[in-house]
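Spelled out, the chains give:
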Amino acid sequence: MTIEVTPRAREWLNKKGGVATVRLSPRRGCCGGRADIAVAEARPPDSPERYVRLEFEDMTLYVDPTLVDQGLTLDAEGFLGLKHLFVEGAPLTR
Amino acid sequence: MTPHQESQSPSTAEGMGRFERFLSLWVALAIVAGVLLGQFAPAIPDALSRFEYAQVSIPVAILIWAMIFPMMAQIDFTAVLGVRRQPRGLIITTTVNWLIKPFTMFAIAWFFLTVVFQPLIPADLASQYLAGAILLGAAPCTAMVFVWSYLTRGDAAYTLVQVSLNDLIMLFAFAPIVVFLLDVSNIQVPWNTVALSVVLYIVIPLAAGYLTRRTLISRHGSEWYDNVFMRRIGPITPAGLILTLVLLFAFQGEVILEAPLHIVLIAVPLIIQTFFIFFIAYGWAKAWKVPHNVAAPGAMIGASNFFELAVAAAISLFGLQSGAALATVVGVLVEVPLMLALVRIANKTRHHFPDASTEPR
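Top to bottom, those sequences are chains Z and H.
When the letters of the first sequence are read in order and numbered with full-length UniProt numbering, they come out as residues 1 to 94.
When the letters of the second sequence are read in order and numbered with full-length UniProt numbering, they come out as residues 1 to 361.
These are computed hints drawn from the structure, not numbers from a lab.
Misleading hints may appear alongside valid ones.
As the list claims (entries may be wrong) - Per label pair, the in silico range of CB-to-CB distance: (1) Z:Thr2 to H:Phe111: 26 to 34 angstroms; (2) H:Leu36 to Z:Arg53: 37 to 45 angstroms; (3) H:Val116 to Z:Arg43: 55 to 63 angstroms; (4) Z:Leu82 to H:Ala208: 49 to 57 angstroms; (5) Z:Glu4 to H:Asn192: 49 to 57 angstroms; (6) H:Leu36 to Z:Gly81: 39 to 47 angstroms; (7) Z:Arg53 to H:Trp224: 15 to 23 angstroms; (8) Z:Arg50 to H:His352: 51 to 59 angstroms; (9) Z:Arg43 to H:Glu52: 42 to 50 angstroms; (10) H:Leu29 to Z:Pro48: 43 to 51 angstroms; (11) Z:Thr73 to H:Glu254: 53 to 61 angstroms.
From the three backbone atoms N, C-alpha and C, an ideal C-beta is built for every residue, glycine too.
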C-alpha cells in the first residue's frame, strides 16, 4: 500500500463521505523562506488531475504525487467531539 | 530507518531564499536608510508621526499589521487537536517557552545591561534596553520555526501542533508575563497600555487571520488559499518589517550616531540567551529520549523570537524613539545568523538522539 490509513481515520472518513486529499501545504517564515507540510483534508481536491487517485474498498484518496510511497500514515485525532485528519511520518519538504 | 532519515538534511540555500539568508544585511541597510532619512529628510518621519488616533501612530500600526497579519492568517488552529500526540515534546517546548525563557531572558539581560555594561550604558537607557529584551523573551517564534524545522528535518505534524499551541498560549500569557517582568525591573507601564498593545497587535491580527482563513477557504478551497492567497500576501511581512525599521531608525538616528557600540552591547545577552534556551530544551529532549525530529523543532521555537510582535509592543508601549524599540531590532539583526548556527548544531548532533521510527512517544 502506498499510504497507510488507520482504522480510526477510515471510520471518521466514512462518516465524512469517504474522500480525502493528502497534499502539501506551504508555510512561510516571517522573514521569508518556506517549508511544505503534508496535510490531509476530508474533501476532494480542487484539481483532481494533479493527484494520484487511490481507490480503497470504502474510500478514495487523492494523494500529491510527491507523497506517494513515502511510508506515510493517514490518521484521525481530536477531543471534545472535534476531530481532524493528519499525516504522520512526513518531514517538512520544499 | 525511513528513506527520509537516511538522507542528508537540506542545505540552508534550499530552505531559505536570498532575502531571509541575508536578513541581517537588509536590517543593517534599513538602519542606514532610516538614519539617513532622519538626518537629511526629518520632515518625512515628523509628518508621519503626526497621524495619530488615541495615541496610536496610524502609519506604524499599518506597518505592524502588515508584518503580523500574514503570519496569523496561516495558523491552522485545528492542529491543536494533535496536542496529545507528542506529549513529551510539547511539555518541554511549552515549559521552556513560557516558564523558563521569559525569566532567563530577563535575568541574562538584566545582568549584562545593568551590571556588566554599567560603565558603558546610562542607567535609564539600560532599563529601556532591558524592557526590549523582556518583550523579545516573552514572544517565542511563530512562523520561522517551520523553516528551522525543515532545515533540521523536523516532524511536520509536530511542528504544526507546537506552533498552534504556542500561539494560543501567547494570546493569554504574553501580557501578564511582560507586565510582571517590567514591574520587577521597575519599569512602569500601565496595564491598559499593555492591554491595548495586545489587542492591537495580537488579538486583532489573530482574529482577522482566523476569519480570513475560514472565509476564503470556504469560498475558494484550501489549496487556493495556501497556494494563491498566502503566496500573494506572504511578501508583505518582510516588506512591512523593513519599512518599519526604516521608520524606526529615522527616529533613532541620534542614538545610533552617538552610541553605535550599544547595538553590540545589546546583542551580547540576546546571543547568550538564544544558545542557553536552545540547549535547555535540546538537552531536556535528549534526557527524555525524544526523537530528533521532535527535539530539534521543539528547541528551535523557544530559541527563535516572534520579533515582529516584540518590535510592535516596544513601539506601542515605549515609542519609536525608545531604547526598548532599539533592543527589539537588535533581536532581528542577530536572529538569522544565530538560528542557522543552531540548525548546524542540531544537524551535527542528530546521532545522539533516538530515531523517530524506533522510539515510543
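To see whether the hints hold, each was checked on the structure:
Against the hinted window of 26 to 34 angstroms, the Cβ-Cβ separation of Thr2 of chain Z and Phe111 of chain H comes to about 56 angstroms, which falls outside the hint. Between Leu36 of chain H and Arg53 of chain Z the beta carbon distance is about 58 angstroms. The supplied range of 37 to 45 angstroms is therefore violated. At roughly 58 angstroms, the beta carbons of Val116 of chain H and Arg43 of chain Z sit within the given window of 55 to 63 angstroms. For Leu82 of chain Z paired with Ala208 of chain H, a C-beta distance near 23 angstroms fails the hint of 49 to 57 angstroms.
Checked against the hint of 49 to 57 angstroms, the C-beta distance between Glu4 of chain Z and Asn192 of chain H comes to roughly 53 angstroms, which is consistent with it. Look at Leu36 of chain H against Gly81 of chain Z: about 58 angstroms separates their beta carbons, and that is not inside 39 to 47 angstroms. For the pair Arg53 of chain Z and Trp224 of chain H, the supplied restraint of 15 to 23 angstroms holds, since their beta-carbon distance comes to about 20 angstroms. Look at Arg50 of chain Z against His352 of chain H: about 40 angstroms separates their beta carbons, and that is not inside 51 to 59 angstroms.
The given range of 42 to 50 angstroms is respected by Arg43 of chain Z and Glu52 of chain H, whose C-beta atoms sit roughly 46 angstroms from each other. As the Cβ distance of Leu29 of chain H to Pro48 of chain Z is approximately 46 angstroms, the hint placing it in 43 to 51 angstroms holds. Distance hint check: the CB atoms of Thr73 of chain Z and Glu254 of chain H are about 59 angstroms apart, consistent with the given range 53 to 61 angstroms.
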